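Participant: Sequence:
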Amino acid sequence: MAHDKASPLILYFGLFAAVALLIGVAGCSTSSQSLGCEGNTDVMIQAGSCLHFEDEGQLDEYRDRIIAVVKETYSLVNSLMPIDDVQIRVLANPQNVIPELGMNGYNPGANEVILYFDPQSNALSHSLESSLSSILSHELHHAKRKRSAGYGSTLLQAMISEGLADHFSMEVTQSGPPIWSKVLTETQLESLLQKASQDWNSSPYNHSQWFFGNGEDIPRWTGYSIGFELVQIYLMNHPDSKASILHEEPASSFAPE
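Sequential numbering of the sequence shown, starting at 1, is according to full-length UniProt numbering.
To be clear, the hints were calculated from the coordinates, so they are not data collected in a lab.
Model, not experiment: these values are computed from the prediction.
Beta carbons: idealized from backbone N, C-alpha and C, even for Gly.
Mixed in with the good hints there might be a few duds.
Said to hold, decoys possible - Here are the simulated distance ranges between beta carbons: (1) Gly57 to Asn122: 42 to 50 Å; (2) Glu129 to Gln46: 29 to 37 Å; (3) Asp217 to Ser175: 27 to 35 Å; (4) Ser252 to Glu216: 27 to 35 Å; (5) Gly150 to Lys195: 19 to 27 Å; (6) Glu257 to Ser153: 19 to 27 Å.
As the list claims (entries may be wrong) - Simulated pairs of lysine to any residue, SDA-like, Cα-Cα distance not exceeding 25 Å: (7) Lys182 to Met236; (8) Lys182 to Leu193; (9) Lys182 to Ser241; (10) Lys182 to Asp84; (11) Lys195 to Ser241; (12) Lys182 to Glu229; (13) Lys71 to Asn40; (14) Lys195 to Asn237; (15) Lys71 to Lys195.
Construct the entire structure; sequences and hints are all you get.
Facilitator: Below is the structure:
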């Protein structure tokens, strides 16, 4: 997510995830260029794009379902926003999942998406049907945006990248907003939007605080919710636009007046 200094999520998902997100803004932490579709557990999605199972067999009972959702989602994404040469890695990593879902996503660079799963999560089976497509769509939008506008290095840029990724996931799945994108009351949104606006162009900024909360005055997932709201306002004011065609749009276009 979902992530991401990233996408579209990422998402108090553990200390490692927060650190990885901070690294992700600057660049790719793992080179997808070294990944081919040649391993015994690799699955071809389309020419140049592969699904790599790196779970050491821990997700065997879910393997077929993961493959089916990934293939269908990748096809839907490409029908709306063409993207090629993406390596999708599947890891069994409970520390980096969203607890409510038993899974999560991360986009380290323009050609790679990582999907994290907790094989022991009671939520995982349901989430494969309800959330995996949304999370993958979110991360693929990040990958596409990193090929042009970039994820961004300021608070505003990061919030807009996340908001666009969430609106794109809704476009792909034809479902409602992800759970992390609507967590603030109207009063909180107004107050925190004002607070964030004072830090729009700061670089670096505190990604963990804004996107995962600080336990005090900034709730968990605030950055996602503000980004979602700003993109939603833009789309309402530009009814012919969609997140699928806005991956190159600069964050400044979404800044409140």
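Participant: Tell me the hint numbers this structure goes against, listed in increasing order.
Facilitator: 1, 2, 10, 11, 15
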